[in-house]
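From first to last, the protein sequence lines stand for chains S and R.
Our numbering applies: residue 1 is where the first sequence begins, and numbers increase by one.
Our numbering applies: residue 1 is where the second sequence begins, and numbers increase by one.
If you're looking for bench data, these hints aren't it; they were derived computationally from the structure.
All values reported here derive from a predicted model rather than from experimental measurement.
Take these hints with a grain of salt, some might be off.
To be verified - Cross-link-like lysine-lysine pairs, in silico, BS3-like; alpha carbons within 25 Å at most:
no., chain 1, residue 1, chain 2, residue 2
1, R, K538, R, K379
2, R, K10, S, K130
3, S, K297, R, K309
4, R, K10, S, K364
5, R, K379, R, K364
6, R, K309, R, K480
7, S, K47, S, K299
8, R, K10, S, K140
9, S, K299, R, K502
10, S, K297, S, K130
11, S, K131, R, K10
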Amino acid sequence: MSRILQRYDWVLLGAVFALMMFGLVMIYSASFPLGIDMAEDPFYFVKRQLIWITIGLFVFFILLHFPYRLYQKFIPLIVTVSILSLILVVLIGTNVNGSQRWISIGPLSVQPSEFVKIAVILYLAYVYSKKQKYINQFIKGVLPPLIIVVFMFTLIMLQPDLGTATTILLVGGTVVFLSGARWRHLVTLGALATLAVSWLAFTAPYRMQRLVAFRDPFEYEMQGSGHQLIQSYIAMAHGGVTGTGLGQSVQKMHFLPEPHTDFIFAVIAEELGIFGMLFILVCYFLIAYRGVVAGLKCKQLFGRLLAFGIVFFLLFQTIFNLAAVSGLMPITGITLPLVSYGGSSLLVSLIALAILGNIAKEAKQQDIKHHSSVGADKTFQA
Amino acid sequence: MRVSFVTVRKRLFFVLIAGAVAIFILLLRLGYVQFSMGEWLSDLAEDSWSRDVPFEAERGEILDRNGDVLATNVSAPSVLAVPRQIEDPEDAASKLAEVLGVSFDKAHDWVTENERIVRLTPEGRKISKEKATEVRDLDIEGIYIAEDNKRHYPKGKFLSHVLGFAGIDNQGLTGIEQYYDERLKGEPGRVSFFSDAKGQRMEGMADQYERPQQGENLRLTIDARVQTIIERELDIAEATYNPDGALAIAVDPDSGEILGMSSRPDFHPEDYREVPPEIYNQNKPVWSQYEPGSTFKIITLAAALEEGKVNLEDDHFHDPGYIEVNGTKLRCWKKGGHGEQTFLEVVQNSCNPGFVVLGERLGKDTLFDYIEKFGFGRKTGIDLQGEGTGILFNRDNVGPLELATTAFGQGVSVTPLQQVMAVSAAVNGGYLYEPYLAKEWLDPVTGQVLESQPSNQKQQIISEETSEKVRDALEHVVAKGTGKGAFRDGYRIGGKTGTAQKAVGGKYLENNHIVSFIGFAPADDPEIVVYTAIDNPKDTLQFGGIVAAPIVGNIIEDSLAVMGVERRDNQIEKELTWDDEALVDMPDMVGLTLKELHDAYYPLNIETQGEGSVIISQAPEPGEKIKEGATIRLYLGDKTEASD
Chain S
1 MSRILQRYDW
11 VLLGAVFALM
21 MFGLVMIYSA
31 SFPLGIDMAE
41 DPFYFVKRQL
51 IWITIGLFVF
61 FILLHFPYRL
71 YQKFIPLIVT
81 VSILSLILVV
91 LIGTNVNGSQ
101 RWISIGPLSV
111 QPSEFVKIAV
121 ILYLAYVYSK
131 KQKYINQFIK
141 GVLPPLIIVV
151 FMFTLIMLQP
161 DLGTATTILL
171 VGGTVVFLSG
181 ARWRHLVTLG
191 ALATLAVSWL
201 AFTAPYRMQR
211 LVAFRDPFEY
221 EMQGSGHQLI
231 QSYIAMAHGG
241 VTGTGLGQSV
251 QKMHFLPEPH
261 TDFIFAVIAE
271 ELGIFGMLFI
281 LVCYFLIAYR
291 GVVAGLKCKQ
301 LFGRLLAFGI
311 VFFLLFQTIF
321 NLAAVSGLMP
331 ITGITLPLVS
341 YGGSSLLVSL
351 IALAILGNIA
361 KEAKQQDIKH
371 HSSVGADKTF
381 QA
Chain R
1 MRVSFVTVRK
11 RLFFVLIAGA
21 VAIFILLLRL
31 GYVQFSMGEW
41 LSDLAEDSWS
51 RDVPFEAERG
61 EILDRNGDVL
71 ATNVSAPSVL
81 AVPRQIEDPE
91 DAASKLAEVL
101 GVSFDKAHDW
111 VTENERIVRL
121 TPEGRKISKE
131 KATEVRDLDI
141 EGIYIAEDNK
151 RHYPKGKFLS
161 HVLGFAGIDN
171 QGLTGIEQYY
181 DERLKGEPGR
191 VSFFSDAKGQ
201 RMEGMADQYE
211 RPQQGENLRL
221 TIDARVQTII
231 ERELDIAEAT
241 YNPDGALAIA
251 VDPDSGEILG
261 MSSRPDFHPE
271 DYREVPPEIY
281 NQNKPVWSQY
291 EPGSTFKIIT
301 LAAALEEGKV
311 NLEDDHFHDP
321 GYIEVNGTKL
331 RCWKKGGHGE
341 QTFLEVVQNS
351 CNPGFVVLGE
361 RLGKDTLFDY
371 IEKFGFGRKT
381 GIDLQGEGTG
391 ILFNRDNVGP
401 LELATTAFGQ
411 GVSVTPLQQV
421 MAVSAAVNGG
431 YLYEPYLAKE
441 WLDPVTGQVL
451 ESQPSNQKQQ
461 IISEETSEKV
471 RDALEHVVAK
481 GTGKGAFRDG
491 YRIGGKTGTA
501 QKAVGGKYLE
511 NNHIVSFIGF
521 APADDPEIVV
531 YTAIDNPKDT
541 LQFGGIVAAP
551 IVGNIIEDSL
561 AVMGVERRDN
571 QIEKELTWDD
581 EALVDMPDMV
591 GLTLKELHDA
601 YYPLNIETQG
611 EGSVIISQAP
621 EPGEKIKEGA
631 TIRLYLGDKT
641 EASD
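Next up, chain R with everything else stripped away, as it sits in the complex:
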């Protein structure tokens, strides 16, 4: 007996050791599963538990700077199926198929899918309220109507490229909607109906409703009134010239705020599927890159003035129609040349050889320093996706010829927005700004401002004095030179034409230009800079002065009017050309009787409206310049009414 007791004790020791080892391994394993597996299991777990009917958050609204709504939401319910709760899939499928207008098989797939919650995409998503009521009236167990909404752009194609659009899941896909998706989209809410793994609702446990967090409202720098003018002018240009494309930008040169931006061809954000992706993906003002042509001469001019390389009034230049650089003849756009000119006239006439001389006086490094300082060759930093950087010559490869062409805007590639920001800097006193669209974030409920975007001034490139000289020279371009099409009485518009050749495969296309104009006003204190480019206008001479300048003139004139900018009277007078008609001042006719009107002689075509014997209102307003023989409108009424 004694011996075996010892044996048992020894053997017990063995077993206990073995047990301890097993338990130790077990403890390690338990600790690992409990504490270390968590990270990568949590996704799996969440996916497995959520038995929630989602409540989409409303996206924040997008407003213009004055609170005009540009993007909002409309209620559009969605149908959800919880297949495990559907008792008779055949019946449910046939009913759903009829109401939603889909095949029985498709409906059957929906209600029998091995998923917890099935979205009936796309026929059952974001449907009308009427359809939703129809579905609800079917009263099928396991079919739910979830409150949902879809994006609505009340102004249609208006500002479409900048706004972009949101997809079926309310996710921003392009434009501002994409760039600021995080803040606009909000947080989805849910109703958790405490359903278990079998998809059954649990009795005795209250449903939990988690409110969706509405996205923040975004106030843009865009002025809807200016944008409306831009859209109108581009509509007219498209109708008139049938171009391959068109674009326009308006900015506030003193802050970099974008006031308006449009790109053609355009699209309706709610029907973006109806156009090819390149249309909605290419916001031309920030995306496209091309040779700027003569508008680029503003940069050369500003650099030459700042460096003291030219005196516009006193320095003279003789243009024989070409200039020879390194044995190559660079021709002026005007056959036979401009002859003897001051450098101010060189600018007015957009004389290429004259700018070659300015480029040569600056030298390669100085000119390219300025080009880079003005922001070319890199993104402007605007809050939009897909911005182009442009292409500059590699300085090491710049010889005299490249220097010469760069000076008048050939051989470089820039984006429209780069030009606008550079010219803004040239005319606003010399300060380069970062352009931006998002002005303020607003609380969607209280309307309180959550965050304001201040303007971002990058650097001063030229002095106030140089900037003033540039403005003066460019006002001369409009009053006396190639930019006369943009002249508007009283608004002191300055600007520069551009006619860029399009290069495809290393060759310039014949008779296919991008004609452009960049203008600003008023010249004494610019409030707006507007750029327009029309790609390959048909049935017209392809010159920026002819096609683009009048558009910019219209945009600036009407925009300054709505912005409340006073007309000036110290304007540089327009030099009349043979096709200009004489302008007369619009007389003040309000208060005249019809008899007095007939007795007086006005060289105008008069239309009257309304009943009465006294003129109570007139268009245009007194003092405006109108062409002789132009049509004016007079509104008639009774004197007593008028005096009320």
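Same shape as in the complex, but just chain S:
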């Protein structure tokens, strides 16, 4: 029994679970005014999140035991389903606030672009681990998989959702970088991507507005995003070092928009001060640390790229979210993984972490085998 339990990376699993539960408490605290307002139920959002956590944990438990190598067999299927679901969103998606990102399934709505993030990591990790022999060639090695990524990017931009689309490019770029593509090729691709994203950001008026408001939120307070940022500043400054105490946030009372999703970190900072911030940062650090260790221990290039891809995917999400909340980057609508309210993002984070957990588990198993075999038979030659 102890041997079975030893196979799990408990630090990783513990950090994931702790973040999720902490998130649930903070979602309650941040969302009860909104819940009362919308459905006369302070637990409105908590109940929904609990359903998602239940589903998510179920999926997590299964995938944790699903050998990651087997994903390679499903890559064509995964890519096909991803592209189809994105097309479906463009065709029949639910429009909320001017962007069409969700597909409604009964009472729940799903955001396919979230899942596409994992699909891209899986796909690129797979492709580049197979193409190691000609990774130095641009046309034959680096480019072809990227065409599919750019296609997905374009579909997401049709929703439109620049934040998610950029994340995909960035995560994809990281995997390409890690897989050993040439610097020359990487610089060219990076420049192209930067140009494309900038062009998209500057041409759409509302994105330009966000950008300008981000530069000087107080000047553009009346406009949505400047207002959001100021409310976020106020929340954090109000919290100060010690915070106002759990449940004591004033800013969540409809002052801070999206207090339970994009801006939940501001509410955490307001209520719990430096303690809440440190708790979250330490948990993410543990996850990233265990993820990198698992990747380094993995003997397979696919597993290694996959582990790093997942770690950086979560890291980027976290950085983007915190940077937006603190006014370091424009607001892009990226949630805080595992903490923010939202089924799709939670589910995707859990799937990604389950894959990472599986890689870590295998790495541990190897350690255990190695140890026990060394202990059992000293004549074994490695």
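Given chain S's structure and the hints, the job is docking chain R onto it.
Showing chain R alone in chain S's frame:
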């Protein structure tokens, strides 16, 4: 395979470094926003959150020294609108417009303004209770009636310049109300109805009521009875002389407590908008500065006596009607002069050349030292805004001529209050006090004294002996000299007249004077110092002795009576002049029957009141001096009743 594993590890290192840098920058930013932005964001935050219906604090009451209420509050509710809670602005606007008597457009603006809480200023602020009930009966969602109050001055124009007034937001704007606004205003309370950014009341959260902190009550040094006498006398003076302005001050010379202070033209504090700002902004007793004229001679006299430069009885002076200083003839106010006099008579006659001699004997530096010691040229420090400092000659520019005119009160500019405090020092034994109005702070609920203001003695300027000589000389002025108008039997009033020329644009105006009198009583131990100045009285000789002295006499006599100061019998007898009528003692008539009254002969005009055959009461009281032929009142009743 082996090679690519190394590559991945190298590349990972790059990415991790980049990530670490990004996270480091992020941490700096988070720390900055969380810990350093707080200061300047807090105002913004507070402004953004407050969803409170304010409860104005009641201002502290202002009382006179005996507890008479001078300023208080009356309930006056205000209407507030929370536009986001108003479902039908058109309907609400038309209803409100009708009740409050405003145009529909204005009401519509109120209920649709993009504010959390709108005060319906001014028509919906501090309205009557009846109006408030009408508004409440409209029963409009999002319209609230907030308990509010407004300042009420029960005595009307009484003491208006000193009290000042409070504005629509209960903030002190002038006078005591402004000077002590911090302590009077209290702390406003609020009902927080836990409303969120949408202005909606939150269910399930109790409203929080924060009690307003009532302002502290202030007890003044003012004696309402003395003030009433002052106001009455100035009313009469205004009616009689139609002056450009008038003022009066009464102080307790032994403490610097202001007993009364009035300035004309005056105003009603609740209707201050109806008069021009210069009327309520100019509290003349502390604000105005002008040449004091002869009242200033008291300072020269006190200095000369203290320095031993004159013996009032023994030193003589011949006044030919002028004195020549540096080739300039300075004339005495009396044509032909006062002739041969003792210096006591110089003081009695207010003889200018005589005072020039005293000034010359003192010399420039000594005289100016005394002027400064007596407090001229700087603020007295009274607890009111807008005090003047006065203007003195720059000593370097003082030649013999300037010295001479300064000695009899010309060429200097002083405030009335400076004169009062200086003369108080001259007659109270030599001690200069700081004048003050705020006597005690009281807890508004328990009435307990929170803080008492002790009197602030600045310094002794002249000796007790000199002060006594000054009092004696000034009592002579009233009994025998220019101040006879202020003589009152038994009260030993001392004083000095003043007739100051008004200078406009460097030239003296013709037939336009500020006539003044400063008096004190009783001369053996002064309990009150009173100063009155009448600016440009019409249809009269513009002399302080004629216009101002009788006013001060009346004020002192009646004030000492209400203050319970005994009449003295060792008074310097008044020197009769041709227009003085003989005085007789009022006989004691109580107990006489009507028959006995008719049998006796009294040189008086008798009026009777009431039914009966016996005199049960009389006015004036027995023993008072009355003029022959004066009217007296007798009250009749039955003997049995009288003996009850």
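Now the hints, each set against the structure:
| no. | hint | in the structure |
| --- | --- | --- |
| 1 | R:K538 / R:K379 | violated, 32 Å |
| 2 | R:K10 / S:K130 | holds, 19 Å |
| 3 | S:K297 / R:K309 | violated, 112 Å |
| 4 | R:K10 / S:K364 | holds, 23 Å |
| 5 | R:K379 / R:K364 | holds, 22 Å |
| 6 | R:K309 / R:K480 | holds, 24 Å |
| 7 | S:K47 / S:K299 | violated, 42 Å |
| 8 | R:K10 / S:K140 | holds, 24 Å |
| 9 | S:K299 / R:K502 | violated, 108 Å |
| 10 | S:K297 / S:K130 | holds, 19 Å |
| 11 | S:K131 / R:K10 | holds, 19 Å |
This entry does not satisfy hints 1, 3, 7 and 9, going by the numbered hints stated previously.
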